Amino acid sequence: MRTHFDVFGLPRAYDVDVPALEKQYRELSLQLHPDRVAQADARERLKALEGTTALNEAFKTLKDPVRRAFYLLKLHGIDLDREDAGAQKDMPMEFLEEVMDLREALDTAMEKKDLARARAMATDVEARKKAALDEAAGALRALEAGGPGADGQVLVKKASHALGRVRYFTRFLEQVDAFEEESLS
Amino acid sequence: MSKNGYLQIHDPLKPKGQAVGIDLGTTNSLVAAVVQGKPRCVPVDEGDSLLLPSVVHYAKDGGVVVGARARRLAPEHPTDTISSVKRFMGRSPDDAETRKLGHYRFVPGSKVVRFDVAGGTPVNPIEVSGEILRSLKRRAEAHFSTKVEQAVITVPAYFDDAQRQATKDAGRLAGLEVLRLLNEPTAAALAYGLDKGSQGTFAVYDLGGGTFDVSILKLVDGVFEVKSTGGDSALGGDDFDRAIAQQVLQAMGEKEPSPALIAEVLAASRKAKEALTDVPEVELTVGGHKQVVKRADFDTWIQPFVQKTGVVCRRALKDAGVAAGELDGVILVGGATRVPAVRRYVAELFGREPLGDIDPDQVVALGAAVQADLLTNEDRQDEVLLLDVIPLSLGLETMGGIVEKLIQRNSTIPTAAAQVFTTFKDGQTGLDVHVVQGERELVEDNRSLARFTLSGIPPLAAGMARVEVRFQVDADGILSVSAKEQSTGATQSITVKPSHGLTDEEIEQMLLDSIDHAEEDIQARQVREQRVDAERVLAEAERQLREHGSLLQDGERAAIDAAMARVRELATGNDHLKLKEAVHALDETSRPFIERVMNQAITQVVGGHSVEEF
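Top to bottom, those sequences are chains A and B. Position 128 of the first sequence, counting from 1, maps to 128 under UniProt numbering, and the rest follow consecutively. Position 471 of the second sequence, counting from 1, maps to 471 under UniProt numbering, and the rest follow consecutively.
Calculated from the structure, these hints are not laboratory results. Fair warning: this is a prediction, and the values are worked out from it, not measured in the lab. Just to be clear, a hint being listed does not mean it is correct.
Said to hold, decoys possible - In silico DSS-like links for lysine-lysine, alpha-carbon gap of 30 Å or less:
#  : chain 1 : residue 1 : chain 2 : residue 2
1  : A       : 157       : A       : 130
2  : B       : 111       : B       : 60
3  : B       : 218       : A       : 112
4  : A       : 23        : A       : 157
5  : A       : 113       : B       : 308
6  : A       : 112       : B       : 318
7  : A       : 47        : B       : 318
8  : B       : 60        : A       : 113
9  : A       : 47        : B       : 60
10 : B       : 271       : B       : 60
11 : B       : 318       : A       : 63
12 : A       : 158       : B       : 405
13 : A       : 113       : A       : 63
14 : B       : 405       : A       : 157
Unchecked claim - Chain B regions said to be covered by chain A (calculated; three or more residues, Cβ under 8 Å):
#  : segment
15 : 94 to 108
16 : 219 to 231
17 : 286 to 296
Said to hold, decoys possible - Residues from chain B that keep clear of chain A, each with C-beta distances beyond 10 Å, as calculated:
#  : residue
18 : 120
19 : 453
20 : 455
21 : 546
Positions of the beta carbon are idealized from the N, C-alpha and C atoms, including for glycine.
Construct all of the structure, not just a fragment, from the sequences and the given hints.
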């Protein structure tokens, strides 16, 4: 299977040089884009459409550290984007408690229309999200390095738990955003 | 060699004549092309105007008039004259936008918008837009003395799939190969970017007649990358006109104004709005009603609309991950950005004075011409590339009427996404798919694009059959959906047609009709246009004779009658030049009489005072 890393000719790794990736994306777009073959036959144009679609998907995934982490985990067989994924039921108990506490506090702030409180929570959750992503990144780096002694199953589980939290925090922050937009308009 | 006209005509790079860029606007439309390396707008209307008013008049004899002439016919034929048709593109008859204050007569009970106009057959928005495009195409062909068959047509960035599809269909109807649907703010940036050869991050604030768009773009190494876009496809300068009109109708005590009065008040309101750009107050006259409109009041009336644009801009900046202070420039597009209150608001919002050195009316067409040239001229292919985004998320209805988003808004196009569905009943052989576009969580709050049933799934136990539904969005931002049953590999593919749009058969029929139409020569069309003019002049003369016959002097009546008879006679023939002369002669003959009528009217209005007192 052709991975997003293959599209850019990059080795599979958690760390990506994003400015270099952006430059390469522009160069590849200039070569592949349907605009380059607007006057060509249908086959050429379809090829350009498919090539650029794959390029755009790869770029979107690799330039963003969160998407990149989810993608690497998916390459290891765990797809957290799927609602029915077994991995989601597998989250540890303390995470569920954390979720319930945050949920309750945000609901209270929203009921009271307390925007300042919601913003303060967002700052705190932002920090938690960053920490969780760092934890996932550590596990994914170790997993990709795959040196002797690396226990694949343990690392995958570690990355999966950390990214499960990242995913929850992202949704939480989106809710605060929506609340903020609603309060301001 | 390049100066040799003969060689240029046979240039192998341009086998299809001149490729053009078209700004199909709510209020005005323009066509531009790159000639000798520079984009230029083409004269398209009376007096070599570069702006063709987007107004289409349907006459009793089946004739169609487009542009300034059509606009002049609006007060007298409000329901047969369609203006701002762009507002109706891809919209259903019960859409809030369709029901705003206007002077149209809709065919009741139709599932698509149909205007009931003179000439027998009702017309839909795609056909009306097709007339505008056909007019632009014809006038560009006359200007360049060559065929025009390929065009880049601009659309508001915030147009959804149905509105894009409708625009593309209108292009086909007009006999154009639509090279690309280009987002208007992107087109504007392209016009600026090439002029200045600049690098950096720009915001384009585009407030047109009926639509508002904002885009945040980054230009690096010749690649224009749209980072985010936002907008409101039902907000524009027309709303400013309506805001004035509503105040005027209220002041007149009109609760249920006639279409004719609405058309007249809207026209007067538009003029007042334009005048207020340069003066602090203006007197507006409708029939016998006079009213002073102050800029300060106008600013207050439009404030809700202006503030709505601010909310959209802040979201676009956030989506792009860019702070207002990081921008290298703000570009203004659209006639409504001439309103001083709008300029002030934009300057404050982005914390800098916006750029306006390219005429905001022309900038979109110029950018479209550049893109048309980039797409058709191989010599220029390495210079610039546009990477645009899809403005609204695409998703599918899932259990409980919840939307599952498959493609997020602001994804770079072309893009694709796939989702696997399973059956939920034993032996189930069909699966209903409902495609929606929008940002809201519930299906009912979003735009419904298409519903279809995947059939032919092998009857298996519940959950065993797996169907992959794939969305592909092309570089025009138009969606196609295909589905594949994974156990048998059976594939179904459809191009999404809006649920309340036109069927393929209807488009087909319209195309056939339009081919007949296109074959009529220009002569016939000029005759029709001239006939419409003649009818208007005759009706006006008859009315004045009927109402003010007492003001006629000796021999005048006979001369006017003779001139009218001559116009009537020629109106049945096919010589438009002779008809034009006769209309002119009638004008001349009746002028002394008409002047007396006007003088009397003025005297009555001033109520016994001499004109000098005023």
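Right, here's what the structure says about each hint:
At roughly 18 Å between alpha-carbon atoms, residue 157 of chain A and residue 130 of chain A fall within 30 Å of each other, so this suggested pair holds. The suggested pairing of residue 111 of chain B with residue 60 of chain B holds, with an alpha-carbon distance near 25 Å, which does not exceed 30 Å. Only pairs whose Cα atoms come within 30 Å are accepted, and residue 218 of chain B paired with residue 112 of chain A is rejected, the gap being roughly 40 Å. About 34 Å separates the Cα atoms of residue 23 of chain A and residue 157 of chain A, which puts this hinted pair outside 30 Å; it is violated.
For the suggested pair residue 113 of chain A and residue 308 of chain B, the alpha carbons sit about 22 Å apart, so the restraint of at most 30 Å is met. Straight-line distance between C-alpha atoms of residue 112 of chain A and residue 318 of chain B comes to about 26 Å, which keeps the hinted pair within the 30 Å bound. Between the alpha carbons of residue 47 of chain A and residue 318 of chain B the distance comes to roughly 34 Å, so the proposed pair goes past 30 Å and is violated. Simply put, residue 60 of chain B and residue 113 of chain A have alpha-carbon atoms about 60 Å apart, too far for the 30 Å limit, and the pair is violated.
Between the alpha carbons of residue 47 of chain A and residue 60 of chain B the distance comes to roughly 50 Å, so the proposed pair goes past 30 Å and is violated. Restraint check for residue 271 of chain B and residue 60 of chain B: satisfied, since their Cα atoms lie roughly 29 Å apart, inside the 30 Å limit. For the hint linking residue 318 of chain B to residue 63 of chain A, the alpha-carbon distance of about 18 Å falls within 30 Å, and the restraint holds. Of the pairs offered as hints, the one joining residue 158 of chain A and residue 405 of chain B holds, with about 28 Å between alpha carbons and a cut-off of 30 Å not exceeded.
Distance restraint check for residue 113 of chain A and residue 63 of chain A: the Cα-Cα separation of roughly 36 Å exceeds the 30 Å cut-off, and the hinted pair is therefore not satisfied. With a CA separation close to 27 Å, the supplied pair residue 405 of chain B and residue 157 of chain A stays within the 30 Å bound. Proximity of the segment 94 to 108 of chain B to chain A, defined as three or more residues with a beta carbon under 8 Å from a beta carbon of that chain, is not established by the 0 residues found. For the segment 219 to 231 of chain B, the assignment as covered by chain A holds, since 5 residues bring a beta-carbon within under 8 Å of that chain's beta-carbons and 3 suffice.
Judged by the Cβ-Cβ criterion of 8 Å, the segment 286 to 296 of chain B is not covered by chain A as claimed, because only 0 of its residues qualify and three are needed. The Cβ of residue 120 of chain B sits about 39 Å from the closest Cβ of chain A, beyond the 10 Å cut-off, so the non-interface label holds. With a closest Cβ-Cβ approach of about 23 Å to chain A, residue 453 of chain B is found to remain outside the 10 Å limit, as its non-interface label requires. Non-interface call for residue 455 of chain B relative to chain A: holds, since the shortest CB-CB distance, roughly 25 Å, exceeds 10 Å.
At the 10 Å boundary, the C-beta of residue 546 of chain B stays outside the reach of chain A, the nearest C-beta of that chain being 56 Å off.
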